[in-house]
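Listed below, chain by chain, are the residues.
Protein chains: 2
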Amino acid sequence: MEYYSSQISKLMEELASLPGIGSKSAQRLAFHILNMPVEQAQGLSSAIIEARKNVRYCSMCYTLTDEELCPICRNGYRNHKMIMVVEDTRDLAAYEKTNKYDGVYHVLHGAISPMLGIGPNDIKLKELMQRLQGEVEEVIIATNSSLEGETTAMYISKLIKPTGIKVSRIASGVPVGGDLEYIDEMTLLRALEGRTEL
Amino acid sequence: MEYYSSQISKLMEELASLPGIGSKSAQRLAFHILNMPVEQAQGLSSAIIEARKNVRYCSMCYTLTDEELCPICRNGYRNHKMIMVVEDTRDLAAYEKTNKYDGVYHVLHGAISPMLGIGPNDIKLKELMQRLQGEVEEVIIATNSSLEGETTAMYISKLIKPTGIKVSRIASGVPVGGDLEYIDEMTLLRALEGRTEL
Numbered sequence: 041m042e043y044y045s046s047q048i049s050k051l052m053e054e055l056a057s058l059p060g061i062g063s064k065s066a067q068r069l070a071f072h073i074l075n076m077p078v079e080q081a082q083g084l085s086s087a088i089i090e091a092r093k094n095v096r097y098c099s100m101c102y103t104l105t106d107e108e109l110c111p112i113c114r115n116g117y118r119n120h121k122m123i124m125v126v127e128d129t130r131d132l133a134a135y136e137k138t139n140k141y142d143g144v145y146h147v148l149h150g151a152i153s154p155m156l157g158i159g160p161n162d163i164k165l166k167e168l169m170q171r172l173q174g175e176v177e178e179v180i181i182a183t184n185s186s187l188e189g190e191t192t193a194m195y196i197s198k199l200i201k202p203t204g205i206k207v208s209r210i211a212s213g214v215p216v217g218g219d220l221e222y223i224d225e226m227t228l229l230r231a232l233e234g235r236t237e238l
Numbered sequence: 041m042e043y044y045s046s047q048i049s050k051l052m053e054e055l056a057s058l059p060g061i062g063s064k065s066a067q068r069l070a071f072h073i074l075n076m077p078v079e080q081a082q083g084l085s086s087a088i089i090e091a092r093k094n095v096r097y098c099s100m101c102y103t104l105t106d107e108e109l110c111p112i113c114r115n116g117y118r119n120h121k122m123i124m125v126v127e128d129t130r131d132l133a134a135y136e137k138t139n140k141y142d143g144v145y146h147v148l149h150g151a152i153s154p155m156l157g158i159g160p161n162d163i164k165l166k167e168l169m170q171r172l173q174g175e176v177e178e179v180i181i182a183t184n185s186s187l188e189g190e191t192t193a194m195y196i197s198k199l200i201k202p203t204g205i206k207v208s209r210i211a212s213g214v215p216v217g218g219d220l221e222y223i224d225e226m227t228l229l230r231a232l233e234g235r236t237e238l
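From first to last, the protein sequence lines stand for chains H and R. Residues in the first sequence are numbered consecutively from 41, following this note's numbering. Residues in the second sequence are numbered consecutively from 41, following this note's numbering.
You may find that some hints are simply not true.
Identical copies carry no separate label here, and so any pair may be met within one copy or between two of them.
[Stated by the list, open to error] Calculated pairs, BS3-like style, for lysine-lysine (alpha carbon to alpha carbon, straight line, at most 30 angstroms): (1) 198 to 121; (2) 140 to 93; (3) 164 to 121; (4) 166 to 201; (5) 198 to 64; (6) 137 to 64; (7) 206 to 64; (8) 93 to 198; (9) 206 to 93; (10) 166 to 198; (11) 201 to 64; (12) 201 to 93; (13) 201 to 140; (14) 64 to 140; (15) 164 to 93; (16) 164 to 64.
Just so you know, these hints were derived from the structure itself, not from any lab.
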């Protein structure tokens, strides 16, 4: 891109290195930024570096946060005896959007995957077991319904069972609004197995 | 987004304010940034603010650049007697990608639009006329082939005609209503080769 001066090229390259941003989008974003008021560009720039520098794991649930405890772990109105185990912070956010879950979370930051060489010690599992020393009534396993997610769910449930704490797994089945015709066989089988009496 | 701590929310909001980035993409980008090595986040952050702070108009052709003169105006191998007039820097970049045009440019930063109240004095037209005091053999008008682009082309050609300098318009190989930025190199080349004198 030698027809752009070096700082414009640099900006485009940095933007194009982000996931899902191709060279055309990077160019469009770069020109948008070059035409922003300086304060707005400053805002974007500092949001990036401040977030990256200050964000760390919540010391309780290991979600990403910029304080010692995340807003959910700090919230006295949540049910701290019910822990939902998720693979990453985005999964936590997905459940929070339902506005119906009032328990707390535990973020594993990954799932067990023998194929990728990710074992139980590579995710925040020890940390989950430590939390179970306290007053916990139920652990809801909400890892993805992929091979890795299922493996992780099985592993965790076997680990927790002996403690006597209730362990559950979110149901898998046909998504709400889903058309049976377009749903894969595995999902249809799961939906059948998990059928509930009406 | 109160389930994210404030700096994560801030980063997502800043990203979501960019064109073409919705809340889902902003979330994905934010987590990507949070997981970057600090130096990389620093690089992105400073590319944004440095580019925004230092980029200005080339004092000759008015393209965006971070130096007094842009790389093209500084280049002694280019034909400085041939000036291609474009609406903005992205259009210049589009022609540069063809690798066949060896003249220089003049960036208007807009087009005449009576509807939007943009007149000849609102674009870099005076600056173009000043450049014609020097040794110029041809002015190629490569404004978009939209109503505003055509209006601007007509206006400029009428202004230049009396000076005796050759004025041409890129051919209508460019689809009517098309935006130069998104047109493939071959079409752009055809349009250049088939330019007609106005």
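- Just pull the numbers of the violated hints for me, sorted ascending. Of the numbered hints, 2, 5, 7, 8, 9, 11 and 12 do not hold.
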